[in-house]
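Based on the provided sequences and hints, a complete structural model is requested.
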Amino acid sequence: MGLHAYLTLSALVFAIGLFGVLTRRNAIGILLGIELMLNAVNINLVAFSRFTGDLGGLVFSLFTISITVAEVALGLAIVIVIFRVRKTVEADRLDLLRG
Amino acid sequence: MIVETVGFAVVAVVLLASSLAVVLTKNLFHAVLYLAAALVSTAGIFLLLASPFLFAVQLLLYAGGVVTIVVFAIMLTERLVGERIAQTSRDIVNGAIVAAAVLVAVIGFLVQAPAMTPPATAVAEQTVAIGKALVGPFAVPLELLGLLLVAALLGAVYFARAED
Amino acid sequence: MTYTLPILSLITWMPFIGALLVMFTARHRPLAVRLISLATTGVSTVLSVVAYVAYDSEAAGFQFYEKFALVPPLGINYELGVDGMSLLMVLLTSIIITAGVFASWTVQVRSQEFYALLLALVTGVYGVFCSLDLFVLFLFYELAVLPMYLLIGIWGSTGEVRPRGIFAWAFRETGVGTKEYAAMKLTLYLLFGSAFILVGIFALWVEAGQSSFSFLAFEATSFEPGVQRWVFFVFYVGFGILAGIWPLHTWSPDGHASAPTAVSMLHAGVLMKLGAYGVVRVGMGLLPEGAVDLAWLVGTIACINVVYGALSAMAQTDLKYVIAYSSVSHMGLVMLGAATLTEAGLNGSVFQMFAHGVMTGLFFALVGLVYEKTHSRDIPKMGGFGRVMPGIATAFTIGGLSSLGLPATSGFVAEILTFMGAWRSDHRWWLIPAVVGTFLTAIYVLRVVKQIFWGPPSPHFHHLEDARGPEWVAVVALTIIIVFFGMVPGIAIGLVDTATVPLLARLPLP
Amino acid sequence: MRILVWLPLLVLGLPFASFLLLAVVPPLRRTGRGAGVISILAIAGAFLGALGVWTQGFRTESRWEWIPADGGPMATVGILVDPLSAAMLALITLVSLLVQVYSLDYLHDEPARGLGRYYAYHSLFAFSMLGLVLSPTFLQMFIFWELVGLCSYLLIGYWYDRPAAARAAVKAFWVTKLGDVGFVVGIVMLWGTTGTFDFTTLFAMARENQIPAEGLTLTLFLIYLGAVGKSAQFPLHVWLPDAMEGPTPVSALIHAATMVTAGVFLVTRAQPLFLLAPDVMGIIAAVGAFTALLAASMACVETDIKRVLAYSTVSQLGYMMTAAGLAAAAAGFFHLLTHGVFKALLFLGAGAVIHAVGTNDMFRMGGLGRAMPQTAIVFIVGTLALAGVPPLAGFFSKEAILAGVWQHGATTLFVILALTAFLTAFYMFRAVFLVFFGRAHAAGHPHDAPWLMRGPLWILAILTVAIGLRYAIGGHGDDAHPAPGWLAPFSVVLALSGIALAWAMYQRGAIEPAALSRALRPIDFMARRRYGLDALYGGLYQAFILGFSGLIGWIDRYFVDGILNVLSAWTLRGGDGLRRIQTGRAQDYLYGVAFGVLLVVVWFHWWAQ
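Chains as they are written, first to last, in our numbering: chain A, 1 to 99; chain B, 1 to 164; chain C, 1 to 510; chain D, 1 to 609.
Hints in this document: simulated from the structure, not taken from any laboratory.
C-beta atoms are modelled at their ideal positions from N, C-alpha and C, and glycine is treated no differently.
Be aware that one or more of the hints could be misleading.
Said to hold, decoys possible - For each label pair, taking beta carbons as the anchor points, the in silico distance ranges come out as:
1) D:209 with C:491: 36 to 42 Å
2) C:211 with D:217: 57 to 63 Å
3) B:75 with C:72: 55 to 61 Å
4) C:164 with D:523: 46 to 52 Å
5) D:572 with C:207: 36 to 42 Å
As the list claims (entries may be wrong) - Derived contacts from chain B toward chain A, CB cut-off under 8 Å, selection only:
6) 31
7) 46
8) 50
Structure representation (structure tokens):
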């Protein structure tokens with residue numbers, strides 16, 4: 001299997017994740033999309049690491065995974081707080097920053 | 001070789017299918033389960049890429065940890081609302097066009113890139129090598145990561161604390 | 001040349017220390033706020049007098065030199081030093097801020113923050129006059145400009161401007177006349193100018209080899225004539241906005257009219273000089289060929305300033321606007337003197353900066369006093385104040401006489417030198433607008449004096465009184481300085497001359 | 001011999017010290033009469049010093065650096081004592097002293113505060129005027145020139161709460177300032193070509209023909225403009241009659257004896273330069289003569305006694321200027337001195353009259369000769385001197401001028417001046433007959449002034465006679481312009497015929513004044529309206545300066561600034577429009593991110609490489 005196959009796959013996953021982030025109404029759904037995108041990134045990192053023989057990619061993806069976990073935990077905590085305050089997690093209705 | 005190709009094909013199909021399910025399914029809880037499937041298949045990709053350590057990490061941390069947290073979150077919000085969370089999508093056509101455009105753009109790079117063949121052997125003693133790297137050249141980032149995780153932990157606790 | 005005492009740093013940072021002290025130690029203690037401000041600016045003032053006296057005019061050049069590296073890879077240093085020209089400006093700043101501290105003695109609302117901002121601003125002004133590193137100079141410059149927004153926006157006063165003419169809709173939409181409008185206009189204008197200055201500074205840095213922002217290093221570099229021309233133009237516009245060059249002057253009347261007393265004093269008295277100083281020091285000092293090439297432009301615009309400013313001042317009925325427009329007119333004389341590229345003219349220009357600074361400081365202090373007693377700035381309503389406030393009337397008259405260039409006031413020395421320079425320059429006709437401007441000044445100044453202080457007492461006001469207590473200090477000190485430097489101009493001009501002659505010697509004059 | 005420098009400096013310094021003392025020590029100033037005494041003592045000391053300087057007849061020059069510059073001072077200050085300035089010193093200090101003494105009683109009703117201010121101004125004026133005549137450079141002269149203008153402004157406006165006084169003060173300042181604009185441009189131009197302001201250097205250059213002729217005429221004409229303003233020459237004479245709004249002693253000192261003669265002094269002082277520009281000299285003489293006649297004609301129809309004297313001053317200044325313009329500066333200067341004495345006398349006398357009856361209108365006086373005989377006598381002495389009746393001072397100085405004019409061959413000017421002399425005698429005796437003779441109109445019981453006022457009057461009267469007698473006995477002493485033999489009788493006839501006409505019209509009643517007015521209707525009409533000059537200037541000021549400034553002010557506010565406001569209004573509107581894309585929804589921003597990514601990608605694909 002060539003590098004291209006892995007990269008194409010990750011690009012597809014990334015695009016799907018992006019689609020999810022763009023279209024989901026629920027904040028948790030958006031977070032799930034983000035997870036997919038980050039996952040695609042990890043695939044890329046590991047694939048490059050494998051094909052160049054550089055350890056850096058592995059370490060980096062390790063970091064990414066850890067940070068993602070932190071991000072998810074925090075993101076969900078925020079979602080819960082928003083939910084408490086606004087009684088909704090509909091992203092369309094979270095528009096306090098509207099100009 | 002054949003085994004690898006077939007394995008890749010199977011894992012790729014599962015990954016793409018479950019990913020699509022994550023972004024398309026109406027039931028949020030199901031979406032999380034599909035996400036778990038996607039994460040597990042990603043772990044399979046890692047295995048194909050000769051990274052057993054990351055395979056393990058992905059399964060434990062990601063598929064295990066993240067999915068659990070999300071499930072908790074869903075159940076929390078569900079409890080508060082008192083009804084099942086059905087989620088809908090909007091602007092599906094716009095989203096699809098933009099996502100497809102990004103895909104095309106990335107693929108555009110790929111087709112220009114030269115093909116690469118993997119080194120015959122993967123890094124030997126991968127787990128040991130990563131371990132040494134983490135306390136060697138990557139020691140500082142590792143510590144910073146630790147700091148970040150603590151901060152995230154505290155933040156999450158602060159946000160999620162019971163209202164007083 | 002090693003001075004154990006970093007005198008310039010002390011002068012520069014003393015007010016800043018004062019600002020910190022005021023913020024952190026004087027909450028709810030208005031008297032402490034004033035005393036701290038007075039003490040710190042007092043130290044700066046005393047030290048600037050010491051520096052003024054100790055300056056070795058035989059040796060000339062930049063003295064009291066201090067330097068340490070800030071960002072070595074880019075060549076940014078904290079580098080201070082003064083020559084005769086900047087020393088006079090430092091002295092002027094000290095005079096005005098000390099007077100300003102006294103003049104704002106009666107500020108009631110949030111006086112703690114008011115004084116802190118005022119002092120921070122003054123550090124910026126000192127810094128600009130002392131800096132020999134253009135990057136640091138720019139930082140100080142911004143420090144001097146930005147507190148203005150808050151000072152005017154919070155403590156300012158709102159005037160009234162009727163929307164008229166074909167652009168009336170725009171007047172209504174922008175809220176012309178309010179203090180917020182004035183503050184925003186002033187800040188935006190000056191930031192617009194400082195964008196030009198930043199471009200100019202970086203252009204010099206790049207052209208000189210990206211190794212140093214030092215004024216002295218730039219001075220030793222000879223830039224391409226083409227570069228000199230456009231960079232000088234950029235500096236002229238950038239600094240010129242602060243100096244109120246026509247037609248970019250309209251921030252000044254609105255800003256000065258809306259600002260509280262001490263801010264008007266400082267702004268018209270010192271900050272506008274910052275602009276003129278920048279054009280002379282940075283523009284002419286570093287880009288001699290550009291200066292010679294564009295002198296015609298600088299001088300011609302300055303002539304417009306002189307006459308236009310005077311005529312506009314004459315048309316105003318708001319006392320503060322009259323003074324503000326007179327600043328526009330006098331800054332024209334400053335720029336005109338510089339544009340003559342002659343010894344007399346340049347000395348006149350620098351002396352005019354000083355003279356006008358003190359004079360306009362006095363004016364704004366007095367207008368503030370009159371406003372405080374009458375709660376009005378409407379000239380036609382006033383009349384006969386001379387009987388009830390003779391002290392203010394006398395000081396105002398002396399300021400006015402200096403403004404119209406009456407001998408024995410510092411205004412005269414500045415004006416005659418500018419005239420002499422104009423006649424010796426390549427554009428003799430500049431003399432005519434300059435002289436016409438002073439005649440027009442005589443008309444509007446005496447008209448205002450007559451309307452406000454002479455004639456029968458106005459029926460609109462009762463129970464007026466003269467200035468009292470600390471208010472006197474500012475008024476009397478400024479008045480004495482005006483007359484003293486008018487009678488003995490040599491002590492200032494002798495020093496300035498040591499700075500202007502080398503500057504002129506670098507110009508490629510035919 | 002060091003006293004040579006110190007004595008003039010002392011003369012200069014005493015009034016300055018007095019001014020400084022009164023200016024910076026308010027309690028002293030507020031004593032009023034005490035302040036007056038300080039000022040009087042100072043000026044008395046100065047007078048003694050000036051007498052010393054004058055009678056010793058010594059010359060001295062000193063200079064100090066004032067404005068430093070790279071190659072030697074750019075401007076110096078100093079003192080220049082020669083017979084010209086010494087004579088002026090004596091005149092100024094004498095008249096100042098007498099006027100200040102006189103004022104002590106004249107203004108005794110004033111509040112102490114005001115009186116202190118008055119004396120502070122007086123000290124400042126004395127200092128400035130002395131500094132002016134001692135100036136060794138044009139620049140210093142200009143400095144003091146402006147300062148005396150300032151004092152004039154302040155003293156005219158002494159009663160600043162009277163609108164008329166305020167207006168007159170400002171008018172005086174503006175009109176003289178207009179001339180000074182020419183003066184300052186002139187001296188700057190002169191400096192531009194010669195590099196110096198110094199009289200001695202300039203005169204030396206003039207002697208050796210080193211002054212470039214190019215532009216010299218214009219330069220000197222501009223300098224002369226300063227004199228036009230200060231010495232109230234046509235067309236800038238309009239301020240002097242209005243200046244009579246000030247206290248009468250001020251008019252006597254500043255607007256008759258000293259300050260207004262500064263212009264004549266200037267032309268006399270700079271005579272060596274003016275001689276290089278004959279065209280300017282011609283203008284000076286012609287304008288002087290025209291001014292003399294014009295002012296005299298206006299004096300004939302004036303009803304305010306002070307204004308009659310003011311016009312008479314303008315007229316006499318014209319005389320002096322004519323002489324100066326015809327290279328007979330010595331005669332002009334002689335007239336300056338004598339005129340200074342007897343015009344001060346006339347003003348102070350008029351002041352005594354006004355003080356007694358409380359009005360300026362001559363037609364409301366009358367018959368005062370009996371009520372205040374001493375005043376009448378001294379006033380008539382002054383009037384005779386002004387009219388040019390021998391053996392009083394005015395006769396000789398006026399004759400000297402006429403002789404100079406005649407010698408120069410300027411017949412037209414001679415005729416004009418002769419006519420003026422006739423008119424002078426006429427209008428002055430018109431005043432005398434109206435005020436001191438005839439039927440008494442004034443209410444109350446007017447009487448002679450107290451001795452503090454009478455004393456100065458008598459001293460001046462005696463001086464007027466004494467100077468005249470000295471020349472009657474000692475001869476003229478001016479050999480440069482020997483008068484033709486017929487001139488003296490001719491002037492006497494002119495004077496006497498003027499007196500006779502006045503007598504016939506206002507005393508005897510043989511000629512009806514109204515009839516004469518009708519006969520000379522156009523001139524009468526114009527003279528009563530000051531030849532329309534005041535109206536013209538007022539109109540020009542209103543329409544031109546104020547109108548133009550209103551226009552500029554409007555343009556600045558509503559056009560220059562208006563454009564700015566339009567720009568900012570557009571910016572505000574634009575921002576308001578752009579606000580709508582800020583939806584507040586995170587996903588909409590993500591579209592922006594996606595587009596940004598696409599843009600970068602497209603850029604990489606097509607433009608990079």
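(request) Return the numbers of the hints above that this structure violates; sort them in rising order. (result) none
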